[in-house]
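**Q** Protein chains in written order, with this note's numbering: chain A, 1 to 303; chain B, 304 to 586.
Calculated from the structure, these hints are not laboratory results. We put the beta carbon where it would ideally sit given N, CA and C, even for glycine. Any given hint might turn out to be false.
If we take Cβ atoms under 7 Å as the criterion, some of the chain B residues that face chain A in the derived model are [stated by the list, open to error]:
1. 340
2. 381
3. 386
4. 390
5. 542
6. 553
If you want the ones that stay clear, here's a sample from chain A, every Cβ over 10 Å from chain B, calculated [what the hints assert, rightly or not]:
7. 68
8. 137
9. 155
10. 175
11. 227
12. 254
DEER-style ranges, computed between Cβ atoms [said to hold, decoys possible]:
13. B:458 - A:169: 21 to 31 Å
14. A:143 - B:466: 51 to 61 Å
15. B:467 - A:18: 43 to 53 Å
16. B:513 - A:225: 50 to 60 Å
17. B:562 - A:159: 35 to 45 Å
18. B:426 - A:273: 39 to 49 Å
19. A:140 - B:467: 50 to 60 Å
20. B:538 - A:87: 30 to 40 Å
21. A:254 - B:362: 21 to 31 Å
22. A:170 - B:377: 29 to 39 Å
23. A:225 - B:458: 25 to 35 Å
24. B:461 - A:227: 31 to 41 Å
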Amino acid sequence: MGRLLSLIVEPGFFTNAPVHVALLAGGVVAVVSGVVGTFTVMRGQSYAGHALADVSVTGGSASVLIGISPLWGFAATSVAAAGVMDMIGIRRPRGRDLATGIVRGAGLGLAALFLYWDTTHSATGATVTILFGSMFTIDPSLLGVIAAFSLAAVGIVAVLYRPLLLSSASPDLAVVRGVRVRTAGVLCLVAIALAVSLSALTIGAILSTALLIGPAATALRLTGRPGLVVAWSALIGLAVTWLGVLLAYDSYYWPPAGHGWPVSFFVVTLILLAYLLALARRGGSRAAPLERGEPRGAQPGCG
Amino acid sequence: MFSGFMTNTWAVASIVAVVAGVVGLFVVLRGAAFVADALPTGAFAGAAGASLIGVNTLVGLGAFALLGALGIGWLGRRGRHDVAVALALVAMLGLGALFLSFSTEYGPQIEALLFGEVLGVSATEIAPVAGLGAVCVAAVVVLYRPLLLSSVMPELGEARGVREQRIEMCFLVVLALTTAMALPVVGALLIFSLMIGPPAAARSVTSRPLLAMALSVVLALVTVWAAIAASYVSNWPVGFFVGTIGAACYAAGRGWTVLRSRRLRRSQASTLPPVAPTASAMA
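Take these sequences, add in the hints, and give me the full structure.
**A** Set out below in structure tokens:
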């Protein structure tokens, strides 16, 4: 048994401090992304989630410039961008993607400038760290902040659970029932912004879309009941993250020896595999009503 | 600024701008912003992979952009479209992270690929870029009517016998080719600004398709030229300027729309429906 275990788990995995931090932080972040992601997918806001993650690069690179943890910058810019997106009319279905994209483009333009300054003032490889994450180098002192942001994001979604669900399924009905659709929408965007800035820290800013969308989309294929979807989504997120950390740790011993493969690569690949498996599973048609939040085909690429 | 090695840059950038202006108009009309954003970002991984195994960057970019387009088309028929795009995008980026971690001598070039590089365009690069650009524009010319119809009035298009899925696939391929040719100049993360800012501005100024296309090309050219000049003078990354000017174009377009609808409302006592993005105004 011991030998079998050591075949799967390379020695030192359970005693390694960075691995502990990675498992802890990565796990928390994955659960938050899974929960918030469910609403992102149901509301058809995948693009908003992706754009917020991209914009967070701006803050991340600015943080490196002034010498604080990227997490602060990630969160600050993506929450601010959520506000701007709401202001310039992200609510209208048509043209919504345009407004989202413009905010993203402007944010990334600034990020280009900051990263350029980062690399001219110091050669720390900030670009790769910010864009592709660094699960094994998370500062343990950040765990408290990560927990606080996580609580905030999950808290927003928990408080708004029913109104969000209603306004995702049927906006008109929600208005009739007295739901403040716009307020709910902005708060949901803020929750998404917090979730992506957390996962920007673990698997990287331009990959955090994976943790936000992948587990939730997979879960929506497995079941049609909202509560179960949230639970499945969190579980899948947690599973792929921990498995990714394990594989990345093991990969130090794979050929070419001595070179660890990036955690982000494993996490993303596992997410894609999970989604493809769920797609291949026939008969999951009960998922249809929730999964098809809005009619497709009429406006390709919109949503 | 206009001497020697910069001549190539001006030539390549102008080709890129013309193609981005033409193709971008359809991105805006189809509301396909997410795809137009995802393909270049994901194709970046192809460039990283190409440098790892030592083939031409353009080949890697083209291969990944086409694979991404096919993947989005395939997944999109089986689930939510935006989820398909997001997953195809991150799958490619995940591979990119892997390639980057394996290539050691590659470091300084990453930023050039992500955020654009105007210097160091060699004369041998002009021909492939021009070729790809010609293919893209030719494809748009051939597909002009069905593409326009399915973009602005999908239902009417179906009734007229336009095959929605086939058109969508063709559009994705054109987008992929545009991506491959534009990426080395403007950068993976900001091609999209060039494909959205100018066309969106053109679209809000006029609702006549051909005029909008011409205006979009002109604005894209101005954007790229201004960005290169500013980048050359300040030494800052060209992507910064493309991103900001693109956003400025969009803002100007929005401002114009608001102004015009106010003036219309004032001149006519009765309230008119908003001028901006109704589908029927375009057809």
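**Q** Now tell me if each hint is right for this structure.
**A** How the hints compare with the structure:
For residue 340 of chain B, the shortest C-beta to C-beta distance to chain A is roughly 6 Å, which falls under 7 Å, so the interface hint holds. The interface hint given for residue 381 of chain B is met, as the beta carbon of that residue sits about 6 Å from the closest beta carbon of chain A, less than 7 Å. Hint on residue 386 of chain B holds. Least Cβ distance to chain A is approximately 4 Å, under the 7 Å limit. The interface hint given for residue 390 of chain B is met, as the beta carbon of that residue sits about 6 Å from the closest beta carbon of chain A, less than 7 Å.
Given the 7 Å rule on beta carbons, the hint for residue 542 of chain B holds: about 4 Å separates it from the nearest Cβ of chain A. Interface restraint check for residue 553 of chain B: the shortest CB-CB distance to chain A comes to about 5 Å, inside 7 Å, so the restraint holds. Separation of residue 68 of chain A from chain B is adequate, the least Cβ-Cβ distance of about 22 Å exceeding the 10 Å criterion. A cut-off of 10 Å between C-beta atoms confirms that residue 137 of chain A is not in contact with chain B; the least separation is 14 Å.
Taking the minimum C-beta to C-beta distance to chain B, about 25 Å, the non-interface status of residue 155 of chain A holds against the 10 Å cut. For residue 175 of chain A, the condition that its CB be more than 10 Å from all CB atoms of chain B holds, with the nearest at approximately 20 Å. Every CB of chain B is more than 10 Å from the CB of residue 227 of chain A (nearest about 20 Å), matching its label as outside the interface. Every beta carbon of chain B lies more than 10 Å from that of residue 254 of chain A, the smallest distance being close to 12 Å; the non-interface claim holds.
For the pair residue 458 of chain B and residue 169 of chain A, the supplied restraint of 21 to 31 Å holds, since their beta-carbon distance comes to about 24 Å. Taking 51 to 61 Å as the suggested C-beta distance range, the pair residue 143 of chain A and residue 466 of chain B conforms, at roughly 54 Å. Remark: the range hint 43 to 53 Å for residue 467 of chain B to residue 18 of chain A is upheld by a beta-carbon distance near 50 Å. The given range of 50 to 60 Å is respected by residue 513 of chain B and residue 225 of chain A, whose C-beta atoms sit roughly 51 Å from each other.
Checked against the given bound of 35 to 45 Å, the beta carbons of residue 562 of chain B and residue 159 of chain A, roughly 40 Å apart, stay inside it. For the hinted restraint 39 to 49 Å between residue 426 of chain B and residue 273 of chain A, the CB-CB distance of approximately 44 Å keeps it satisfied. A C-beta distance of roughly 53 Å is found between residue 140 of chain A and residue 467 of chain B, which places it inside the suggested range of 50 to 60 Å. For residue 538 of chain B and residue 87 of chain A, the hinted distance range of 30 to 40 Å is satisfied, since their beta carbons lie about 33 Å from each other.
The supplied range of 21 to 31 Å is met by residue 254 of chain A and residue 362 of chain B, whose beta-carbon atoms lie about 28 Å from each other. Taken as a hint, the range 29 to 39 Å holds for the pair residue 170 of chain A and residue 377 of chain B, whose Cβ atoms sit roughly 30 Å apart. At about 33 Å, the beta-carbon gap between residue 225 of chain A and residue 458 of chain B stays in the expected band of 25 to 35 Å. For the pair residue 461 of chain B and residue 227 of chain A, the beta carbons lie near 38 Å from each other, so the given range of 31 to 41 Å is met.
This entry satisfies every hint, going by the numbered hints stated previously.
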